[in-house]
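*Asks:* Residue numbers (this note's numbering), protein chains in the order written: chain A, 1345 to 1709; chain B, 1345 to 1709.
One should not assume that every hint holds.
The list treats identical chains as one, so a pair stands whether inside a single copy or across any two.
List of simulated lysine-lysine pairs, BS3-like, C-alpha gap at most 25 angstroms [claimed, not checked]:
(1) Lys1467 x Lys1648
(2) Lys1584 x Lys1532
(3) Lys1613 x Lys1405
(4) Lys1465 x Lys1618
(5) Lys1697 x Lys1589
(6) Lys1697 x Lys1437
(7) Lys1405 x Lys1652
(8) Lys1405 x Lys1563
Think of the hints as simulated: they come from the structure by calculation, not from any bench.
Number of protein chains: 2
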Amino acid sequence: MKKIIKGLLLGVSLLLLTSCQGQTTEKQPLPTTNRKEETGKIVSTGRVDEAEYQAVMIDGKYEISQARTLSASYLNSHYNLANFESGLLTLSKENYSVDSYLFREGQLLDKQTIMNWLDRKSKDNPTGLNPESEGEPLVVQQVLEQDYLDKKTQKLAGISLGIAVNQVDYSQDPARNIDQETALTVGKQAAQTVIEHLRQIEAGANVPITVGIFEQATKDDIAGGAYLLKGMTKGSEVTKWTEVKEEYITLPVPEGETNSATKDGISNKYRDFKEMVQGFFPNLSGFSAIAHYQDKKLDKMVIKIETKYYSETEIISFTQFVGKNLLSSLNIPGEIEVQINSIEGPQAFIVKKANENTISSHIFN
Amino acid sequence: MKKIIKGLLLGVSLLLLTSCQGQTTEKQPLPTTNRKEETGKIVSTGRVDEAEYQAVMIDGKYEISQARTLSASYLNSHYNLANFESGLLTLSKENYSVDSYLFREGQLLDKQTIMNWLDRKSKDNPTGLNPESEGEPLVVQQVLEQDYLDKKTQKLAGISLGIAVNQVDYSQDPARNIDQETALTVGKQAAQTVIEHLRQIEAGANVPITVGIFEQATKDDIAGGAYLLKGMTKGSEVTKWTEVKEEYITLPVPEGETNSATKDGISNKYRDFKEMVQGFFPNLSGFSAIAHYQDKKLDKMVIKIETKYYSETEIISFTQFVGKNLLSSLNIPGEIEVQINSIEGPQAFIVKKANENTISSHIFN
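Work out the full structure: start from the sequences and follow the hints.
*Replies:* If you want it as structure tokens, here you go:
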């Protein structure tokens, strides 16, 4: 996902943006949902990044989901949360183009419905998606809805559904492993249940639903989980599930292990780069990297460097050194993002965009 | 100070950088200093930002000052530290051009010498720059040396000296205020002492010395202090001190106060922008801004927004909204930097460069 942009916001571009904003709904009814702001006026956030959706705003406010805090509290790490959400955006872009659709946080599923699904099935909770027996691990960990509105009609025109399943159930001691086949089977059943529920809500009765099954990584995995399967509804069913070939890999890969990053040599290149940078700068307290592969190709590398803050001039010199060596040491076609942080906050960042050989850097004030 | 850059590191630029790196010193003696690495090979960090100095590296390592931890421990806030250091870089650029000089952390003054200066004068510490009597407040808080090497000869060709003086001496309870006139008088005397000391070191005997007197802001001032005076040596003296017209102003300015940001209307513009953004996004836990004026002109505004992290999609939408409104609401010629952070770390940033009407944004992974 290409997230850095340059937006010429004057002249022609400003006019274009202004005309987009102008698509208010005072004359058009909103899709029927359980929202209360139906008399409000839809405008969008606008867009400064051509690769991202504009989001729906009602009366100058960002429209939040009822279930917005659920993912943050249910998923077991920030890394899982970020991959779960941004991965579903990526799957959505395949079906709903960023130019023709507006993004809205999920408004059809309410918090209580989702919480009931995430519990075990029982007499008191007949809709639970997790096994009735305490002897079996919890598989379904989170359900995420994203809504996509047609930019012209401003009606709901697509839904995306993320189902997060566990590799490990931490709810009991000791934690219990879940084999991937079981997790996927339960995940697909859960998707079916949620789709049927959406079909009973007027706004969701007929729109296409994009579904992704996300495998949550373990708590201590700083790479985070990834999507394993994707599908699209035909009527009320996903008839065909396709494998999502997505991997998040922590670099460098431990000796002896084999994966996409050892096969294409990135793991070793990164190891050399890291050693050179650590040799240069005397006070780095952390140095980590995650590579994201899509269809076995490296599309992004994120490097996080934690430094003790002693001096502004050290940070400037360090950033220049890292920036200068980034292209020569890590000459990959994908995007590279380097964050340089300290406990005082972000100090600097460097970015090389995908398919380009230029870098941008910024020293924070 | 313009810190964001785009460096075309391929083609011609790469050749230029490579030729700069090529200036090693194996055949040329290093300037005589108290460093131990004199057999080492000078290369520079390289440069990705044309507005910044390249820094000296010895044997692949960044050359740190003996006194490097002193500023961080002696100054009373991160904001003071950043302004003290980057302000001295700015003064240096007036006298030593970034194209012709290399930067090196100060190597001539050792840690013990500086620590003795910062103490009170006494029988045991005859070189102390602070008043002998405990009844008088401590005025001189820090001494910072920066070295500038001629790129061609690789010899020390300029020194910069920052003298930080206090508005408030916190070393005793209750803290004691110091009037600015006294602080400047003591600061200038201190500069004279340090210059005389540098003249006795062989490497510093004849090079020009740029001096700045920095007034440290109070502990709770998030704008940080600023330089008040600057001067340049003639021989062993600064014969003429010039006022540095630099201000850091916290925005919005409280009602009733008057300063550069109320006179040019920026304070009100910022207040409106802040209110609009806070209205849009439901979970901002902090929102602050500092404006930097140079010669009564706004040259930079830094906005820091702290948000609770609930969702990747919230951050993307928020960044787009802020970015879109930045130019229309805050149409200033100077640089604007917006940092969007959470306790999870940096989430996004937006920058508008000086004298441009384009913005760049980046959502961190």
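*Asks:* Against the structure shown, which of the earlier numbered hints fail to hold, in ascending order?
*Replies:* Hint check: 1, 4, 8 fail, others pass.
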